[in-house]
Structures are given as structure tokens and as C-alpha cells.
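Please construct the entire structure, taking both the sequences and the accompanying hints into account.
Protein sequence lines correspond, in order, to chains A and B.
Counting from 1, one number per residue, gives the positions in the first sequence under my numbering.
Counting from 917, one number per residue, gives the positions in the second sequence under my numbering.
I should point out that these hints are in silico values taken from the structure, not numbers from a laboratory.
All values reported here derive from a predicted model rather than from experimental measurement.
Keep in mind that a hint or two might mislead.
Stated by the list, open to error - For lysine-lysine, the following DSS-like pairs were computed, each having C-alpha atoms within a straight-line distance of at most 25 Å: (1) A/K901 with B/K995; (2) A/K901 with B/K982; (3) A/K538 with A/K580; (4) B/K1068 with A/K901.
Said to hold, decoys possible - Computed footprint of chain A on chain B, listed as stretches where at least three residues anywhere in the stretch have a Cβ under 8 Å from a Cβ of chain A: (5) 958-965; (6) 970-976.
Stated by the list, open to error - Distance ranges between label pairs, derived from CB positions: (7) A/D713 with B/S1091: 53 to 61 Å; (8) B/L1048 with A/S782: 50 to 58 Å; (9) A/L902 with B/I1120: 35 to 43 Å.
We put the beta carbon where it would ideally sit given N, CA and C, even for glycine.
What follows is each chain in one-letter form.
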Amino acid sequence: MKNKKFKKIYSVLNFFLIGFLLFSQAGMAQAISVGDIMGAGSPLEFTNEILEGYGIDPSTVTSFGEVANVSPLKKTPPQVSLFFTPTNPSEGEKVTVTASPSYFMNNPKDLYFTWFLKSEGCTDKKLDKSKYDYNEKCDLDNDGEVDIEDYKIKAMRIIANGGFIISSDNIYKSSSDDDGYEASSGGNDQKGKDAYCYIRDTKSGKEYQLKYCGHLFPNAEYENFIDYNGNEINLDGDDEGKTGNGSFGRNEEKFWQTDPNSNDTSNRGNPDEATIAGLGITSFAWNYQKGDKVGVVVEGVSTDAPPTEDASYKTMWAMNNGMDDFDASLPDEEDYQSTTDEIISTTIDGLYTINLTKTTRQEIDGDIVNGIATIKTTVTMHNVTIVTATPQVLVTDVDVAETDDVPNPIITYSTQDFSGDYDLDDGEIEKPSDLNKFLYNSLVSPQENTPGSNKLDISLSYSPNNPINDPSGASGDGDLLTINSSVSNAKDTNYLQYDWKVYAGADISSDNWTLLLKPELFESTQSVGLGIDTFKFKLGLPDTNKYLKVVLTVTENTGEEYPRKSTQDVIIPINSTTEKIGVFDVLATDLTSTPTIDPDNLSRVKFDSGNEICNNDDLDKALCPVTKNQIIAVSVPAEHFLQTTNPDFLWTIDGKPFSYPYCFFKDCDATKQTHVAYFPVLKEVGEQYAVNLTATNNKGEKINITRNFQVVDPKITIRSADTKTCNQTVLGQYFDINGKSFPDYSQLNFWAYNNSNIKLEAVTTGFSTSPENLEWEIDGDSINSANASVYGYRIDGAGILTLKPKDKQGESYNISVGTLYTQNNLVKKALNAIWGVTYNQFYEKAVTDDAIITMQDPPETNSGSIKSKKIFATIYSSTPDYLAFLLRIVLTISLILFVTKLIFSFSPEISSREED
Amino acid sequence: MRYYHKRKLSSRLIENKEIIITSGVIVFCLLLSLFFPVQNSAQRLTRNIFFLIIVPILYYKLILKKNISSFGLTLGDKKSGAFWGISMLLATLLVFFLLYTYTDFRKNYLLSSYIVHNFWIFLLYELIIANLFVFIQEFFWRGFILLYFSKKIGIFSIFLQFFLYVLILIPTRNSFWQMAPTLVISLFSGIIVYKSRSIFYSWIVALFSLVILDSFIIYHLK
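What follows is the structure in C-alpha cells.
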């Protein structure tokens, strides 16, 4: 408030003051200092007052000015980037490298692109240093040294030649073209302008003008060149071989291997010499060889103009690399300070000599901008008193004005151009060709130039999404974890070498991942090798492992210089649980006669779990066979899912939650799902169900387990209950995709030993039946539980049929078993009431199976006997039957006679009396 | 009154060791001729030749150091042979006739249809197979058993060999009627051999009787 009032007063006073100055005589007659009137100390303060009056912070203006002062240093110089296609070429493959210039004022077609190509076999002193080994084939200008000029010639020859085939040197004896081109400094569109060549210090941002301008073009220089007439000449770049001089004679044509009868050998729309100058050559293609490196330098004009009174712009060069280390600097300001003393007069006074001295001191005032500096020259006069005898300076009087001619001190200002007087780290740069030394570092290979070209894009995926680990090991029910990989940028997937590794850890952020060896990964597939893009193993790991880290290293080995190798990993959370979904057939109870029990159960049929099914055979565990219109109970042990832990059961079938109109089974809860669920099999034969349970067990583990079912036709099969004495005949072996063999059993023929009872059982698939319902037929006789003993057979309570063996090898039993498959009436009733299955959908089916059991002798168990028998058998089998028979009979007779003789030898001779 | 020295059993065994051992050899030969494994008829014939002919011969020659003529391979008492031979042939044929006429013999005595319908096969069968069979029977049962035991037990040896023959027919499981002719021959041949001390007469009588029987049956079949 106070300030506001003050400002009003201040404004009124200003008004009156201005009026007074304008209209008073005093104001017109004499100058009055504003500062005196305002009471301010300086103009700066006055300016600040004004700025502040308008709400501008003077410091902002200062900062803006500071930025403006250095803004020329911040400008981006002309640049060029290279792109290779393909980025990781194979030997012999055509590679195209494209230059993308920027921050040039020219259109790219007017820029000069000088390409250079270095092959692996060509070494130079600059890059290869001690490995340099002169290769005559690489010395294309025949100057006795392989250098950047040779690399330029090699690249520009390829460009200019454009695939032209030189049939013989004689073609250069005549020329019908006119393909000369006169290059302009700074680009094709800078003709007629003065050339000002600049280079830029990368670090400081300062630009320095070169003393001389020119180009970096390769020239047709070759000592002992055989000219188009066959004469040996010295082709000199300064003379006829200079590129861009407007003349492109036959010797140049021959040197550059262009068509002497074509103005544009490479069909790029430019004369041949312009092509060699790189006019508009934004891309370059060649057949890649291992170790090739390529680079480019682009000549054009920058967007910045030199401080000259003409239309010129700064000619500058951009290279894809190499100038990063360029560091130029002017000498320090102190280096430009100079002091000169001139003795004007000398006076001797006794022991002292007094010199009147004129000292001229020059120094740079302020900064050097674009090489131009203001020089401050200060001239002072002073007496220097010296002891004559010693001589020792005793005192110097400063700023003594002794003459009228020389006021003391005299200060003058002048400007001086320091451009070109800078120092370089790497020698002097006076002309563009001095930039060649930087071009070596511009050489890059396709692989080096393209970040990520050596990286293979690997993606990993795994299934199932929530893998279940069974800590009980390989025999458990852990999921088969499948990890799939894909490499999107592989050249040829057949040449990808895969190396899978699996680590286990208790924590996802753990640094302690433990490598799991192959024996720990049950049923694991091959982990190392070509083309193994999938890795599988069964989860049977200790339950301390909560996460698996699968690391895949892929190496692409197609013979390139830089084989690509990348690693990708994926962390897979695993749920360790021994929980399994148990599958049961159902027991149905009729509640019709007891209306007070479960009155809400409108079906009047109550179900309970019966016998567990699909629990013995691995195949059944994986895919449980069920029959249409069967009701299946699935459950998990209730004690593992106590209500106190809020298990939150979610049963789904084919992704849809189970739902019931009312409770009709034991352990049912009308409000939520429990550890038991029931579902009817309503799909057709061949179709499948997936029943899934998500819940939290007592340990707090979130489990997600699944059982799969397949609808099959009801089937009954005869199986041996004691496979040691009777089993199906093995027909052969079949092999799975992993090479594991399995016996191929006959479904009809069985063998049995003729010294053991034969025990058979009837195995039902997709339904259950009691032994009483089975009808056996043995060699034409109908057998059941009641009459089995009459025929000498036995059927026990489990339905196992026991037969006595037949004596002789080759004898056989013809057996069949059958039953009638049909749904229980209560099941039919429930299916109709609960799931709406109409009664005409139910069916009956007679199922049977046959078996022929052939007797065979049991094997010998005595290994020694077997061994000896093998020897005799060998002899025996190789001898005709009859001879063997004779041998046996002779041996028998010999034995009889021998024994008889032996017995006689133990007793006295037969007496003559006995004879009589 | 005859007087018998009272001797120990062991000394009696030693004194009768030849009878015991020979009995053992006979039993072994019979068992082996029945149960020694064979695979075909040729081996079966060979088995019989070896155990019913060769073994007894070797036993006599090598163990008992006796002449093989002891098997009745001599003409013996020719008169007795001729007389008893003819008598027993008639008796045999009579028994055959009675069996054929009054029993089920003709229904159960089987002949191969080849023999029945082809004379030459019949002739070949009778002269070779039947002849060989008869010779083996005569050689072992009469020449070996009967003649050996006839020195020890006299005429009872006829019944002994007959009894043994009946015994071994049991495990062969052949039908009674099929073997009835050989039973008859066994008894009557025993008498011939016992009287003549030769198996030639009984061999001829047995062969003739069988040929006549077969011929008679074939005759009646046709």
C-alpha cells in the first residue's frame, strides 16, 4: 500500500520534471544529469529501474545476453550419418551404405560425397600401425604407400565404373564423350561464389577458417601410369588427373575405369568426373568381403555465413566419424600481450643514470570473436633510475609525463584478425587435404556402424501360464513347462545355436540364482544345439524354488566376421503344490421316499463320491476317459483347504465357472463353491473337457490345477491281473518323438505260463460296473461269479477271474467278456432334473472284448543250466535230428552198460554153481 | 526132506545178483522203450531196436559174457519147435477167430486204409513193419526174458513175460482190442519158445498168425 502511494507520487513528480525540462529555459540551455535529478548512481541503475518498472528482471536480460553471446558456439555443424543394408552382411552379399547429410544448406544432390573403402587385406600406417604391411594391390595410386587416398580411389572407382566391363585397354585409344566437371567449393550450387573454408572445433564450438580452400576428392594420380597410348607417364593429380578441374581425359577415364564413350558410365545422371567428385552420391553399394570398412566425407556449405561482404557461405566438411577429437584453440590472450620499451633520453646524475623510457604495451581487450580481436595499446613514459656502476635499477617512476608530445598514458584501440593463427593438437591444418588424417577414423564396418546389428531379437514365452511344480519329483504331477523362443531378425534359423540354462531362486530380485543341471530337470529335452528353439522339462523341483529364470543364449553362426550372439531371459513364477484334482465316479441315493431330507434338492437324487478313477494309468491321469451322460465328481482334499484360510474355490469347466441350481451332492454349499464339484459329460465322443481349480491352500499358496477329460465310447478290455505269469503278446516296439521305446501289445493275443494260474480282469473305460454284471465266456462256456467253480474257475470279489493253466505248450484258451453299458436310473433322473438332459438322449450299449491265451513253457531260472544248455543247444541245433537222437540213445545205452558193469565189479565173480 | 541152509539176506542178494541186475536191465529197457523221447515213427522204431534188441545183446556179450545164441537165435529143438509151432498157430488162429466172431474185436481192431485197399502196401507192411515188430517182440520178450528166466523159474517164465507185457501195455494207452492179437501171440509164442528153446518158430508163427488175421479181416471188410 505504501509502495503504491509512493509510486503515484513518483509518477507525478516525473511528469512535472519532464514538463519542466521541456519547457524551462534552463532545460534547454544546459544539460542536466539524469542521475543528478533522480539520485541514481549510474545509467545501469537507471536502466534497471526502468526494466523493473515494466516488470522485467534485469538479471534475465543479462542472462539472455550471455546466452546470445555464446549462441554461435552452440550451433550444430554439418553432419552425416551412415546406414547399412543389410546391417550384418554375409561374405559376397551386396551391401548398400547410404549417407544422410544434415545441417548443410545445400540440397543433397549438390553435395560432394567422397566415399572410401578399406578391405581387410589393405593395411595402412595410420590405423594398423605396427601391423602395416604394404600391399601393392591396395596401392591404387602407386605412391608406395597405402593410405586414405587409395581407399577413396577404390570406392569411387566402384561408383564411377557402375559395372562397366573393360574389354581391353584399347577402348581408351579413342574417346567420344565429354564428361568433365568443374567442381565448386561448397557444392554444385555454389558456383561463382568466393570460397571460405572452415572447420569447427568440436569441443569449443569455435569455427576456424582455413588459409586455403579446396576439395577432398580423390585424384587420378599414378606414377608410371600406362596412358591410353600405352606410354608410361606420370599421371599427376595437380595436372590433368585432378578431379573436378573440368577436364576428364582418356587417361583419367582409364584410371577410373570408366567408359570413354559414355558421359555417364554409372548412369547416375552426372558426368563421370562429377561422379568421381561424389556429386549427389548419397549411397554406395559393393560386394561385401569380410573386414570391409567404409566411410564418407561430405563437402557443402553450412548454414552459417562468414563475416564477409559477399554471398558466400562457409564451406565445411562432414564425416561420419573422426572429427570428434578435433581440438583447436587460439593462443591465450596473454600470448598476445606485448611490451616494448624505448629509451627516449638519458641523463647521468652522479652515480645514477636516469633513462626516460617509452613503454608500449599491447593486449587484447575483450574476447576474440571469429578470430577478430580488439587490441588495446597503452603507451606510457617513465624514468628508470639505474646505478651506473652496477648497473642496478633502483626505482621506476611510472606515468611520468615529460614531453608534450606524449601524453601520459596514451591508450588506443585497434582490431586484429587472428583467424588461422590457431594451434591444433594434431599438426597444422591449412588446407582441406589436411583433413585426410581424420578420415581414417571414419572407417566403419556395417556391423560397427549399426548399433544393435549384432543383437539378435530373442523373445521368450512359456506355457502353461501358471506352471505347477510338484516337489515330489519326477513321478509327480508337475506341469511340463515349455519355453518357446523366436528370433525375429535371424538370417537363417537353421544356423542358430541355442543354449538353454535354467536357474532357480527363492526371490525374484535375488542375486542368488542356482543353476539347475539337466538331471534336475526331469524329462528335459535337449538344451544345447542347433535349432533347439523350444525347451521342455517337467516341474519336479524342491518347493524352496519359487521362481525359475530361464536364460537362452543364441549364437548365429553363419560364418560372418562378427557372429551375432545374444542372451535373453525370462523369469517364471512357479507354484509348488502336491495338490491334485481327484476324479471319482458317483454314488447316487434316491431321496424320493424321504422328503424331509434336503427338501431344496428338487431332483431328489443325492450324489456322493464313489471310487476314484483315472488314477492308475499315466495316460488316464493326463486325459481321463469319460463317457457321455456320465456324472463325474472332482475334488481336492478338504483338509488341505480349511475354511479358516478362506480358500475361495473357483471351479471352472472349459473356462466357465461351475454352477448348480441347488445342492444335490455331499459337501455342497448353496452360496459358494467348495472343495467338491460335479459335472455331467454332455459332449460327444472325441471332445474334451478341461476342469480347472483355483484356490488358496493352508500354506497360503495360490494353486491353479487342471484335469483334462476326453469323451470316449464305453469300452471293456481283458487284462492280465498278474503280468508275470500272463500278459499280452508283444508285437513289437514303437518309439515316441524322444526316441523312448514302448512295447506294442496285442489286444487279442496273450501268453501264459503252463505252470501258473492265469488271472484276468475286465477293465472298463469310461464307466464302472460290478463283477456281477460281467459275463465271461471261456472256450464256449458262459462263466459268471455263480457258476465259475463248477467249471474249475474262480471269480473273486474284485472281479478277477482265475483259470488253471493248460498243460502243453501251444494249447490255448478262447476268452471273451462282455457287459451292458447303461446309465444308472438315478443318474438319468439327475441329468434330466439338474442339467435338462432329455430321456431320449440316454442309450444302452453292449461292450465286449476277446482274448486268446496261448500256453507256453516257463523260462528256466537256473542261469548255469541255461548256460550249459546254450552250448548243447548250439551243437544240437546244428546236428540233424536223427543223429542227435542216435547220439542220445547211444549215450543212454552206454550209461546203462557202464552202471551195470560197475555194479558187477563190486561183487565176487559169479560162481559156477549159480550158473548151473 | 530137502534141507536149506539158513543164510543172510545180503549173501543171498550177492548170490542172486545176476538175476537182480538182469531184472533191472529189463525194467530199464522196457521203461526207456516206452518213455525215451522220440519225435517220429522212425525214431520210435529205432528206440525199440536199441532198447529191446541191442541193449540185451550188449548186456549178454559185454556184461554176462554169454553167447547171443542164448536169445534163442538157434533152431533149438526142431521137433518140438515144429510141433508146438503148428499147434500154437492153430490155437492162435482159433482164438483170433473166436475173438473176431464173439467179441467187439472186429469193431475195434483197426487197419490202415492203405493196407486194406492196396495189396502191395499190405504185403510191404506185413513183411517189413509187422515182421520187424514181431521179431523185436519175440527177441526181447521170449528170447531175452523168457529164456533167461526159464532157467530160474521154469514154465512160470511164460507167464512172467506175459504178465510184464500186459503191464507195459497199460501206459501205452492203446486200445485193448488193438493189442489183443499180440497178447494172444505173447502167450502162445512163450509156449513155443519154452518148448523149442528157439525164437524162430514163434517168430514164424506170430508173423503168420498176424498176416492171416489181417488178411481175414481185410477179406471180410471187402
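Enumerated hints in conflict with the structure, sorted upward: Violated: hint 1 alone.
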